[in-house]
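Just add 1 to wherever you are in the sequence shown, counting from 1, and you've got the numbering used here.
Computed cross-link-like contacts, DSS-like style, restricted to lysine-lysine with a CA-CA straight-line distance of at most 25 Å: (1) K51 with K84; (2) K152 with K94; (3) K122 with K152; (4) K51 with K94; (5) K107 with K122; (6) K107 with K140.
Keep in mind that the hints were calculated from the coordinates and are not lab data.
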Amino acid sequence: MSNKLKLISLCTALFALPTMANWQLDNQASNLSFITTKAEHIAEVHKFNKLSGQLDKNGTVSFEIDLASVDTLIGIRDERMQKYLFDTVTFPKLMFSAQVDYAQLKAMKVGESQQMTVAGKLSLHGQEQAVSSELMVTKLNGDNLLVNSVKPIIVQANQYDLVKGVDKLRELAGLASISYAVPVTFNLQFNAH
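All chains should be built: construct the whole structure from the sequences, respecting the hints.
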């Protein structure tokens, strides 16, 4: 093989790497928040600080939340959620997995947005449920993706064996009620690697 042909082959392989790459979730550029409602009319926004995930070239999406990273801006409430609601010693993570059309995402042009529905499985507190989410996916420069929820995902406490934990939090806080339905929204950035 001539040196020129070797050089062309090497350049082709190097330029093809980004097209074969996985996308990794950028925790610093991402946000996932949820709203709790207590005493019927008081709503508060909370978030998780440690998110991780990837999208591989086979279209497999995996996403995790470190539940110990819950951030309500009140330390004692964070500790109570970790202990009584999520039971982070036994169930440290929320996990989501789905299959998407990788070729469709790769074909998007920079600045282009597409709305899509993604169906997957959500595992939380030892329970797994099928969930569907409407997303807006935008192709950013550098072959990166921004994924935003179009509508909140409503997490129902009874589907994930969390009712007992919610009731314990209500009791500890001396509240008449805490809603069992929690809307979740997110803005996630996936960077090509």
